[in-house]
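2 protein chains.
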Amino acid sequence: MEHFENTVTSRRIHEGRIINLREDTVMTPSGRTALREIVEHKGAVAIVPVLDDGRVVMVRQFRKPAEDALLEIPAGGLEAGEDPADCARRELREECGLNAGRMEPLFSMYLAPGYSTELLHVFLAEELTPTETHLDEDENVEVETLDLPLLLQMIDDGGIRDAKTIAGLLALYRRQK
Amino acid sequence: MEHFENTVTSRRIHEGRIINLREDTVMTPSGRTALREIVEHKGAVAIVPVLDDGRVVMVRQFRKPAEDALLEIPAGGLEAGEDPADCARRELREECGLNAGRMEPLFSMYLAPGYSTELLHVFLAEELTPTETHLDEDENVEVETLDLPLLLQMIDDGGIRDAKTIAGLLALYRRQK
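First to last, the sequence lines map onto chains Y and G. Position 136, counted from 1, in the first sequence is what the working numbering calls 128; the numbers after and before it change by one each time, with no gaps. Position 132, counted from 1, in the second sequence is what the working numbering calls 124; the numbers after and before it change by one each time, with no gaps.
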């Protein structure tokens, strides 16, 4: 099967702060035209920060689209031209006040490949030491440090409801088996 | 800390086929105003379908935002008022031609809670039996059936790059430990 969808026309709808939106008309492999709504995003990183005692450093933050404060692993958007590992170190400093002696890539994943270009790079951070925090002025982030068994229980009971967090914590579980 | 962000004003930008887009001005907990770009999505389901021999039924599909065909677990959008478990059964029939004797919820997760309302419900499907497939006319989906150890290796080497798929497969791995 030929998978590719060629773009026939592309219409710009929104140029924003975090995302842009365009609508592409494409030719499908079966020769039909179809509309694809595409959110453009610069990409992001997330970090699974593990302390020497095995606890995981998490952040709780209000998320307007969810209308709730979610417990998540630390994360943030890539700046133009920024290396993902450098971004991961920067976000871990800014959100959690931690420097990482080791920053190892786990995987990269599209969060919503049906409509968003966002590719998220997930890292495991170890050998953590305290530093200063420098939060963005409109971020309101609380740091919480929890055991992995409790975090896995929270995935099961709905206390954790964020995709990158569930993927990252389950990857940590797998590494520790 | 008070987490809630009250909406001050809301501007509609796009009403689309899969997503809408609005921009909210919010009052942050620290008393500042901030802009929040919000993609509205009706929600979706994804299924980890496990055959009696342990192999997992996957789909490969071109994703325009990624400009590539991605290997994913089966998934699809909720219709208005549809029960997520019913939707999971429907999508598994339509995409893979399988009926599920057991359909068990694993977790629900926001895919991109920084800017999207999409909540994805992930199910484990077992006791699978063949039925007819009924694909949407502009879907071009190839079914591939693979062992979990190979799929886990593909997460590690970048052959799988989809968030719901990585979370779902790692959850299956954890259940089988």
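Read the hints as simulated data drawn from the structure, not as lab findings. Any given hint could turn out to be false.
Note that identical chains are pooled: a pair holds if it fits in a single copy or bridges any two copies.
[Stated by the list, open to error] Only pairs whose alpha carbons sit at most 20 Å apart, straight line, appear in this in silico EDC-like list of lysine to aspartate or glutamate:
1. Lys34 - Glu15
2. Lys169 - Glu71
3. Lys169 - Glu134
4. Lys34 - Asp60
5. Lys34 - Glu59
6. Lys169 - Glu96
7. Lys34 - Asp75
8. Lys169 - Asp44
9. Lys169 - Asp75
10. Lys169 - Glu15
11. Lys34 - Glu71
12. Lys169 - Asp148
13. Lys169 - Asp45
14. Lys169 - Glu86
15. Lys169 - Glu136
16. Lys169 - Glu74
17. Lys169 - Asp60
18. Lys169 - Glu118
Right, here's what the structure says about each hint:
For the homomeric pair Lys34 and Glu15, the shortest alpha-carbon distances inside one copy (17 Å) and between copies (18 Å) are both at most 20 Å. In this homomeric assembly, Lys169 and Glu71 never come within 20 Å of each other (Cα to Cα): the closest approach is 35 Å inside a single copy and 39 Å across copies. In the homo-oligomer, the alpha carbons of Lys169 and Glu134 never lie at most 20 Å apart, since the shortest distance is 30 Å inside one protomer and 33 Å across protomers. Only between protomers do Lys34 and Asp60 lie at most 20 Å apart by alpha-carbon distance; the minimum there is 17 Å, versus 24 Å within a single protomer.
Proximity of Lys34 to Glu59 under the C-alpha cut-off of 20 Å is restricted to the inter-copy arrangement: shortest distance 15 Å between copies versus 24 Å within a copy. Taking identical chains as interchangeable, the C-alpha atoms of Lys169 and Glu96 lie at most 20 Å apart only when both belong to the same chain, with a minimum of 18 Å there against 24 Å between chains. For the homomeric pair Lys34 and Asp75, the shortest alpha-carbon distance inside one copy (12 Å) is at most 20 Å, but the shortest distance between copies (34 Å) is not. In this homomeric assembly, Lys169 and Asp44 come within 20 Å of each other (Cα to Cα) only inside a single copy, at 17 Å, whereas the closest approach across copies is 25 Å.
Neither within a single protomer nor between protomers do Lys169 and Asp75 lie at most 20 Å apart by alpha-carbon distance, with minima of 30 Å and 35 Å respectively. For a Cα distance limit of 20 Å, the shortest separation of Lys169 from Glu15 qualifies neither inside one copy, at 44 Å, nor across copies, at 44 Å. In the homo-oligomer, the alpha carbons of Lys34 and Glu71 lie at most 20 Å apart inside one protomer (8 Å), although the nearest pairing across protomers, at 30 Å, exceeds that limit. For a Cα distance limit of 20 Å, the shortest separation of Lys169 from Asp148 qualifies both inside one copy, at 19 Å, and across copies, at 15 Å.
Within a single copy, Lys169 and Asp45 get their C-alpha atoms as close as 16 Å, which meets the 20 Å cut-off; across copies the closest is 23 Å, which misses it. Within a single copy, Lys169 and Glu86 get their C-alpha atoms no closer than 31 Å, and across copies no closer than 36 Å, so neither meets the 20 Å cut-off. Taking the shortest alpha-carbon separations for Lys169 and Glu136, neither the intra-copy value of 24 Å nor the inter-copy value of 28 Å comes in at or below 20 Å. In this homomeric assembly, Lys169 and Glu74 never come within 20 Å of each other (Cα to Cα): the closest approach is 33 Å inside a single copy and 38 Å across copies.
When the C-alpha separation of Lys169 and Asp60 is checked against a cutoff of 20 Å, the pair qualifies neither within a copy, at 33 Å, nor between copies, at 33 Å. When the C-alpha separation of Lys169 and Glu118 is checked against a cutoff of 20 Å, the pair qualifies only within one copy, where the shortest distance is 17 Å, while the shortest distance between copies is 25 Å.
Hints 2, 3, 9, 10, 14, 15, 16, 17 from the list above are not met by this structure, while the remaining hints are.
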